[in-house]
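Chain order of the listed sequences is A and B. Read in full-length UniProt numbering, the first sequence has 169 at position 169, and its numbers run on one by one without any break. Read in full-length UniProt numbering, the second sequence has 18 at position 18, and its numbers run on one by one without any break.
Everything labelled a hint here was simulated from the structure, so no lab data went into it. Glycine is no exception: its CB is placed at the ideal position from the N, C-alpha and C atoms. Fair warning: there could be bad hints in the mix.
[Said to hold, decoys possible] Among chain B residues calculated to face chain A with C-beta under 7 Å, some are:
#: 1; residue: Met1
#: 2; residue: Phe4
#: 3; residue: Arg17
#: 4; residue: His19
#: 5; residue: Val23
#: 6; residue: Ala24
#: 7; residue: Leu31
#: 8; residue: Arg43
#: 9; residue: Ser47
#: 10; residue: Val48
#: 11; residue: Asn75
[To be verified] The following label-pair restraints were derived from C-beta to C-beta distances:
#: 12; chain 1: B; residue 1: Asn57; chain 2: A; residue 2: Asp36; range: 42 to 48 Å
#: 13; chain 1: A; residue 1: Glu483; chain 2: B; residue 2: Val54; range: 25 to 31 Å
#: 14; chain 1: B; residue 1: Gln16; chain 2: A; residue 2: Ser29; range: 17 to 23 Å
#: 15; chain 1: A; residue 1: Arg18; chain 2: B; residue 2: Pro81; range: 32 to 38 Å
#: 16; chain 1: B; residue 1: Phe4; chain 2: A; residue 2: Gln571; range: 29 to 35 Å
#: 17; chain 1: B; residue 1: Thr15; chain 2: A; residue 2: Glu483; range: 42 to 48 Å
#: 18; chain 1: B; residue 1: Thr15; chain 2: A; residue 2: Gly77; range: 29 to 35 Å
#: 19; chain 1: A; residue 1: Ala154; chain 2: B; residue 2: Thr15; range: 44 to 50 Å
#: 20; chain 1: B; residue 1: Phe4; chain 2: A; residue 2: Glu483; range: 22 to 28 Å
#: 21; chain 1: A; residue 1: Asp36; chain 2: B; residue 2: Arg61; range: 38 to 44 Å
#: 22; chain 1: A; residue 1: Gly77; chain 2: B; residue 2: Gly37; range: 42 to 48 Å
#: 23; chain 1: B; residue 1: Asp93; chain 2: A; residue 2: Asp20; range: 19 to 25 Å
#: 24; chain 1: A; residue 1: Thr480; chain 2: B; residue 2: Leu89; range: 38 to 44 Å
#: 25; chain 1: B; residue 1: Thr15; chain 2: A; residue 2: Arg186; range: 43 to 49 Å
[To be verified] Some residues of chain A that are not near chain B, with every Cβ distance over 10 Å (derived):
#: 26; residue: Ile23
#: 27; residue: Asp45
#: 28; residue: Gly77
#: 29; residue: Glu201
#: 30; residue: Ala205
#: 31; residue: Gln247
#: 32; residue: Val271
#: 33; residue: Leu383
#: 34; residue: Lys470
#: 35; residue: Ala472
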Amino acid sequence: MTTETDVEPLVPESAYVRRDSFIERDARSRAFALVDEGSGRELVDPFDRLESPWLQQQGVVPEADDGVVIVKGTVAGKATVVIGIEQGFQGGGIGEVSGAKIAAALGLATRDSRAGTPTSAVLLLETGGVRLQEANLGLAAVAEACSGVLELRALQPVVAVIAGGLGSFGGMSIVAGLCSTVVMTREARLGLNGPEVIESEGGIAEFDSGDHALVWSIDGGVQRHALGQADVLVTDDTAEILDAVRQAVSGKAASVLASRDLARLRAHLAVIDPGSPPSPANLPDLFATATGPRGSNRPQAVAESSGRGSAWMTSLADTVPTAVESTVIEATIGIDGVSAILLAVVPDAGSPYRRARHGEVGLLEGLVLAERVAAVVAEDADLEVNRKRPIVAVVDFPSQAYGRLEEMVGIHLHLAAAADAYATARTQGHPVVALVVGTALSGGFLAHGLQANQILALDDPAVEIHAMHKPAAARITRRTVAELDELATRIPPLSYDVRDWATLGLCNGLLPVVDADHPTGDEVALVNKQIGAAVRRARAGDRGLSGRWSVETSGRNRAATRQVWEAMTQQWR
Amino acid sequence: MQTFEFDFPGDRPATQRAHVGVVASADLEVLVEPSDGDSASVRIRTSVDGFDDVWRNVLERFFTRYGLTGSIEINDFGATPGVVSIRLLQALDQSTHDQTPESRA
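Okay, chain A solo, but in the shape it has when bound (with noise of 0.2 Å):
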């Protein structure tokens, strides 16, 4: 037997168990560790009680301060807002609320930042995205931080700080593919789908969540480091966090973006076997040797395809779709003697990615969405304004891809690549215009739509807008589809009815159609039209999202967005 002095420690006495964890600090603790001693000042604090004006009427408990703590106050001296997302409420997820205090702290950042008081921004994302009891309304938000994010990152470095445990994932992993510096711990994970919903949507052998090993070798953050897409790995101590935030919040911008270098991405994919997949382990070392854009990026023909994305764009189009890649057609169409860009994902039965062979959105098509788009922004650039392409992004996909594969290589940055593509053109004065034929789901919609100053949709019952299709929603907010119907006739964002989501703001037009799938020729020349005033509107109005949530575009259903513009603002100094 041993006395109590005899034994060895468990755990030598280290570094690592002297340290102040980051992790077990709640959101409030953590932002407030983040600014200099005494700088820090809370901003539509839990006493503004603006919480979610849609939880209670669900039943569901709401938090004060919904989740997300802004906290303004100086880094290393300089002026810099905080954004801390509570992972303990709701999962971190998105709601109105939360959203709108996201992208209010960023817009207003982003207003000091041109008036001449550079303010910089830090994310502490601990989330798994979209708000599942607000759905299109969180999706919405999402769309707003990533605009507000590349806005800022324009002039000021925005960081994303991901600790753990949670983790960002869904729409917010878009964002941090956003941010000028990611920062991660190895206890940290970063990913678009959590191996949860691949598993349930793809089966325990696309991706087996309950094994940690694996979830990490592909989410955990020293991967993200090894494969370039975190920029710094530290431990979970508040003296590190708070000395790499200094360094990224003082540091000048990277000089080529994550979301902004497509060579790269493209680069990446090619050393990808699809049908042959290389293990995490070795997917660092085939990245590092990755030297230059190669694989295919060659118009060929469009094979027959179903499908109403493919049926709208080849009836609306002056001339025949090409494929850009097998699952990437583009058309063009001229809109006052302008030729604008017709783009839209399509199904692919022999897309060597499986996930992503029924139109989803996925490595590739992000990619090349980027691609394209970027090259319209690009050709144009000396143009002036009025002479600049329209972009119409024609939607109608499942959703984005749900894989392994997908999450390996990264496909939160390619998607990231597409907002960011489809953000640019609009900030430059592009008129961008979504079109929705047919479904239109989460993540992808994130990537190919969301960021369109103009979104018109079909007014058919097929036509669905939605943060997650309907048994995956229920399953998750533990619900029966019947009950969540029944919400759906209560919560306008909840609803997968087309003719709800336009009471949300997001809709510019709403039209009218009998049988979607085989429009006749009056409808075409309907819509046709229509694009043409979405483009006239875009041209003459604002270039950033704020119309979204103007009372004369969503009435009640926005007015938490609007009071919290409102108290962020009246609360900034």
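Using the hints, position chain B against chain A.
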């Protein structure tokens, strides 16, 4: 989800706002604000239905012992009575910062 409202008499006014906790699994948030009058008006929203008596007992014990007055809001996500008591003590400490629970107990 259930909502309750209770009033408890007391003589120890909250002198400043306090916010503690998170609406996370097995946790709760408490918001305390000073108010006129000599009672605590408490509103609770809880995710777990059917624990009316437990809430009444836990709160009665706390407010009888410490006499905190003010406007108190609780958003609960399934905290146990022990966690509720600890969060209330934290809120008491912060909202009456010049007084410690021990000085009265």
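The hints, checked one at a time:
1. Met1: holds, 4 Å
2. Phe4: With a minimum Cβ separation of about 12 Å from chain A (threshold 7 Å), the hint on B:Phe4 is violated.
3. Arg17: Interface hint status for B:Arg17: holds (6 Å vs cutoff 7 Å).
4. His19: holds, 5 Å
5. Val23: Since chain A brings a Cβ to about 4 Å from B:Val23, closer than 7 Å, the hint holds.
6. Ala24: holds, 3 Å
7. Leu31: Holds. Min distance 6 Å.
8. Arg43: At 12 Å from the nearest chain A Cβ, B:Arg43 fails the 7 Å test, so the hint is violated.
9. Ser47: It holds, given that the least Cβ distance between B:Ser47 and chain A is near 5 Å, below 7 Å.
10. Val48: Cβ of B:Val48 sits 10 Å from chain A, so the hint is violated.
11. Asn75: holds, 5 Å
12. B:Asn57 - A:Asp36: 42 to 48 Å: Once the Cβ atoms are compared, 45 Å apart, the range 42 to 48 Å for A:Asp36 and B:Asn57 holds.
13. A:Glu483 - B:Val54: 25 to 31 Å: holds, 28 Å
14. B:Gln16 - A:Ser29: 17 to 23 Å: This hint holds: roughly 19 Å between Cβ atoms.
15. A:Arg18 - B:Pro81: 32 to 38 Å: holds, 34 Å
16. B:Phe4 - A:Gln571: 29 to 35 Å: holds, 32 Å
17. B:Thr15 - A:Glu483: 42 to 48 Å: Given a distance of about 45 Å, which is inside 42 to 48 Å, the answer is holds.
18. B:Thr15 - A:Gly77: 29 to 35 Å: holds, 34 Å
19. A:Ala154 - B:Thr15: 44 to 50 Å: holds, 46 Å
20. B:Phe4 - A:Glu483: 22 to 28 Å: 25 Å Cβ-Cβ, so the 22 to 28 Å window holds.
21. A:Asp36 - B:Arg61: 38 to 44 Å: Given range 38 to 44 Å: holds, Cβ gap about 42 Å.
22. A:Gly77 - B:Gly37: 42 to 48 Å: holds, 46 Å
23. B:Asp93 - A:Asp20: 19 to 25 Å: holds, 22 Å
24. A:Thr480 - B:Leu89: 38 to 44 Å: At roughly 41 Å between Cβ atoms, B:Leu89 and A:Thr480 fall inside 38 to 44 Å, so the hint holds.
25. B:Thr15 - A:Arg186: 43 to 49 Å: holds, 44 Å
26. Ile23: holds, 14 Å
27. Asp45: At roughly 7 Å from the nearest Cβ of chain B, A:Asp45 sits no farther out than 10 Å, so the non-interface label is violated.
28. Gly77: holds, 28 Å
29. Glu201: holds, 25 Å
30. Ala205: holds, 30 Å
31. Gln247: Label holds. Min Cβ-Cβ 30 Å, cutoff 10 Å.
32. Val271: Label holds. Min Cβ-Cβ 42 Å, cutoff 10 Å.
33. Leu383: Label holds. Min Cβ-Cβ 52 Å, cutoff 10 Å.
34. Lys470: Nearest chain B Cβ is 23 Å from A:Lys470, so the label holds.
35. Ala472: Answer for A:Ala472: holds, closest chain B Cβ roughly 22 Å.
Hint compliance for this structure: hints 2, 8, 10, 27 are not met, and every other hint is.
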